[in-house]
Amino acid sequence: MKRLAIPVALVALLAFAPKLAVDIPVLFKSSLDSPGTLQLLALMLTFAGLAFTYDLLFGYTGLLSFGHALYFAVGVYVAGIAMTRWHWGFWPAVLFTAALGIVLPLVFGAVSLRVGGIAFAMVTLAFAQAGSVLAFKNPGVDYTKLPSGLVGILNTKHLYWLALAYAVGVFLIGRWAINSSPGRVWQAIRENELRVEVLGLRPFDFKLMAFVLASFLATIGGIVYLVLISGASPEVTGPSFTLALLVMVVIGGAGSRWGALVGGLVYTYLDHRLADLAGSHAISTLPSVLRTPLQEPLFILGLVFILVVYFAPGGLARLGRIRRRPAALEEAL
Amino acid sequence: MSTVVLLIITGFGLGAMYFLIASGLSLIYGLMGVLNFAHGAFLTVGSYATWYTETKLGGISVAPRFVLAALVGLAVGTVFAALVELVLIRPLYGRHIEQVLVTVGLGLCVTALASAIWTNDAKFVSLPRWTARTTGVLGASIPNDRWLEIATAAVVLFALQLFLRRTRYGLIVRAGVENRAMVTALGIDVRRAFTLVFAIGGLAAALAGVLSALYFGTVDPQRGTSLLIFAFIVVVIGGLGSIGGTAIAAVVVALVQQFANYYASSGMGDLSVVLLLAVVLLVRPHGLTPAAAT
Chain A
80 MKRLAIPVAL
90 VALLAFAPKL
100 AVDIPVLFKS
110 SLDSPGTLQL
120 LALMLTFAGL
130 AFTYDLLFGY
140 TGLLSFGHAL
150 YFAVGVYVAG
160 IAMTRWHWGF
170 WPAVLFTAAL
180 GIVLPLVFGA
190 VSLRVGGIAF
200 AMVTLAFAQA
210 GSVLAFKNPG
220 VDYTKLPSGL
230 VGILNTKHLY
240 WLALAYAVGV
250 FLIGRWAINS
260 SPGRVWQAIR
270 ENELRVEVLG
280 LRPFDFKLMA
290 FVLASFLATI
300 GGIVYLVLIS
310 GASPEVTGPS
320 FTLALLVMVV
330 IGGAGSRWGA
340 LVGGLVYTYL
350 DHRLADLAGS
360 HAISTLPSVL
370 RTPLQEPLFI
380 LGLVFILVVY
390 FAPGGLARLG
400 RIRRRPAALE
410 EAL
Chain B
340 MSTVVLLIIT
350 GFGLGAMYFL
360 IASGLSLIYG
370 LMGVLNFAHG
380 AFLTVGSYAT
390 WYTETKLGGI
400 SVAPRFVLAA
410 LVGLAVGTVF
420 AALVELVLIR
430 PLYGRHIEQV
440 LVTVGLGLCV
450 TALASAIWTN
460 DAKFVSLPRW
470 TARTTGVLGA
480 SIPNDRWLEI
490 ATAAVVLFAL
500 QLFLRRTRYG
510 LIVRAGVENR
520 AMVTALGIDV
530 RRAFTLVFAI
540 GGLAAALAGV
550 LSALYFGTVD
560 PQRGTSLLIF
570 AFIVVVIGGL
580 GSIGGTAIAA
590 VVVALVQQFA
600 NYYASSGMGD
610 LSVVLLLAVV
620 LLVRPHGLTP
630 AAAT
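Chains as they are written, first to last, in this note's numbering: chain A, 80 to 412; chain B, 340 to 633.
Derived from the structure by calculation, the hints contain no laboratory data.
Just to be clear, a hint being listed does not mean it is correct.
Just so you have them, the derived chain B footprint on chain A, three or more residues with Cβ under 8 Å [said to hold, decoys possible]:
| # | stretch |
| --- | --- |
| 1 | 263-269 |
| 2 | 319-328 |
| 3 | 336-349 |
| 4 | 382-389 |
The list that follows gives simulated cross-link-like pairs (lysine to any residue, SDA-like), each with its CA atoms no further than 20 Å apart [stated by the list, open to error]:
| # | chain 1 | residue 1 | chain 2 | residue 2 |
| --- | --- | --- | --- | --- |
| 5 | A | Lys216 | B | Ser565 |
| 6 | A | Lys216 | B | Ala603 |
| 7 | A | Lys216 | B | Met607 |
| 8 | A | Lys236 | A | Phe107 |
| 9 | A | Lys216 | B | Tyr601 |
| 10 | A | Lys108 | A | Tyr348 |
Here are a few chain A residues that face chain B, going by a calculated C-beta distance under 8 Å [to be verified]:
| # | residue |
| --- | --- |
| 11 | Leu183 |
| 12 | Ala209 |
| 13 | Ala256 |
Even for Gly, the Cβ is constructed at its ideal location relative to N, Cα and C.
So here's chain A without its partners, still in its complex pose:
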């Protein structure tokens, strides 16, 4: 029970955040219950959940996919298009998108899992690229039919709770799946696929299962994101978005309990706040050689990422602990 106490308290605290008019000076621009801060927190939570779904593939099953953004984009775009172009209601659109979030990864996963390692990475990348091309052709999607409780600046706290529910839900489902017996097979595949095969199991089935689960949860994340942003931009469909997820997972610590969540929170926070921090006095007085790169969040994140790979291979989650390297990830390539 003791191990549960801290996470439960943390979630409870997070749930009450919109009711707390606390100012956190350097970290956030405005008080905790202001719409701006809540919106940022909601984004952070959504991406934390999303990073966890990517970790299910990469960290727990050893599948290096470069196309995870596709399933997130399915959530954003299909739900958006169903509501705006086809004039469906909110719930039918969500149900349809969720169904698609199972069927599509089932089909694409069955094709791409025929090959392993790098070829798998490439095929998933190619599928995601195709999706991205489609999205860039018709980029405009905006919302009309969200339930009234999710619209308007005063209701930002509802969006925040939605994002919190998503992150917690993904985490609980993910943990449950990892500890179930197929989940153990996923980790066995990560460690040594050949051995799983020798034991008489078909790795393909289990990998497909992990792929569909992770993609489905990402699709749900896409719907949450659509509601949150009340619109869609094609940037979230591209391969660089998948790379961002990979960066989150690695910075946090792949295949660890809290790693992906922490990585998602930290990455999203830095991505949104670094630009503001760069405008601060301490940095604007620096000579331009130093200032210019510091104003580019992606540069800093890329640098942090490289440093983590060299100096903290377990990510933030394993900082300060005895290093237990997931040697098995080697086998993925």
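Given the coordinates of chain A, assemble chain B onto it according to the supplied hints.
Just chain B, lined up with the frame of chain A:
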């Protein structure tokens, strides 16, 4: 008819760029097992070095200035790639995932840095006037830069084959692709070949950067990444580690893309390339040619 000729020759020009990027990727992967996500960064570095040198060189006429700037770009790209191998990849030998991750990070950093310093806008490169003219072939007006791209890629293909088949280092690279452990066991230091392969890949990618400046007339920070994705597809279709296969695949991919973009609708080209990849992988999971550096 003239449209078909134009599409074919433009397709070859685009294929030339794909080949230049993909050949380096393919060699690096074949020899070292590293999927190099920083390869687009090599292209970016090469093309920006070319553009930057050109803006700094005043007082000479356009053609020699472009040639000079291109040579600087190539040198910078090559040195950058060799340094990346020595400084970033070497400490991580034998840890493939980490190597891939580091190249991913480097790719992010270089793209972000280029857009931080020179903004996200495309920069115009002043090109020799000859490249802007057209030549009539079978009734089609072909922009002259296409010939330059095709000729360069052909020379690189020939030179690479010569290097791989006729020189001692080429032999080591080919043997290393085949069986790295055995080459090491024979007492040959494969690591020098690693740096060499990275330098060659960087040179080819920087060359692609210069040619992309010719093809598009501009340099921009995102181009490396967008070309890299197609280069990946080319490498997988062509068979990892095979230069000949890469050349064929580059041309096939570029032609399919050009024709689908023209006859179906723009964007269809990219989709058909992805479809092509899926079909090839389903029919022949190891690409068109078996892995061997030939």
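Hint check results:
1. Three residues within the 8 Å Cβ limit are the bar, and the stretch 263-269 of chain A against chain B gives 0, so the coverage statement is violated.
2. Evaluation of the coverage hint for the stretch 319-328 of chain A: fulfilled, as 4 residues show C-beta separations to chain B shorter than 8 Å, against a requirement of three.
3. For the stretch 336-349 of chain A, the stated coverage by chain B is violated: 0 residues have a C-beta nearer than 8 Å to a C-beta of that chain, whereas at least 3 were required.
4. Counting residues of the stretch 382-389 of chain A whose beta carbon lies closer than 8 Å to any beta carbon of chain B gives 5, which reaches the threshold of three, so the coverage claim holds.
5. A hinted pair counts as satisfied when its Cα atoms are at most 20 Å apart, and lysine 216(A) with serine 565(B) qualifies at roughly 16 Å.
6. Pair hint lysine 216(A) plus alanine 603(B) holds up; C-alpha atoms about 14 Å apart against a cutoff of 20 Å.
7. At roughly 10 Å between alpha-carbon atoms, lysine 216(A) and methionine 607(B) fall within 20 Å of each other, so this suggested pair holds.
8. The straight-line distance between the Cα atoms of lysine 236(A) and phenylalanine 107(A) is roughly 16 Å, inside the 20 Å bound, and the hint therefore holds.
9. Distance check on the hinted pair: lysine 216(A) and tyrosine 601(B) sit about 15 Å apart at the alpha-carbon level, within 20 Å; holds.
10. The suggested pairing of lysine 108(A) with tyrosine 348(A) holds, with an alpha-carbon distance near 12 Å, which does not exceed 20 Å.
11. The interface hint given for leucine 183(A) is violated, since its Cβ lies 14 Å from the closest Cβ of chain B, which is over the 8 Å cut-off.
12. With its C-beta approaching chain B no nearer than about 4 Å, alanine 209(A) sits inside the 8 Å limit, and its interface hint holds.
13. The beta carbon of alanine 256(A) is not positioned within 8 Å of any beta carbon in chain B (closest approach about 23 Å), and the interface hint is therefore violated.
Of the numbered hints given earlier, the model fails hints 1, 3, 11, 13; all others are met.
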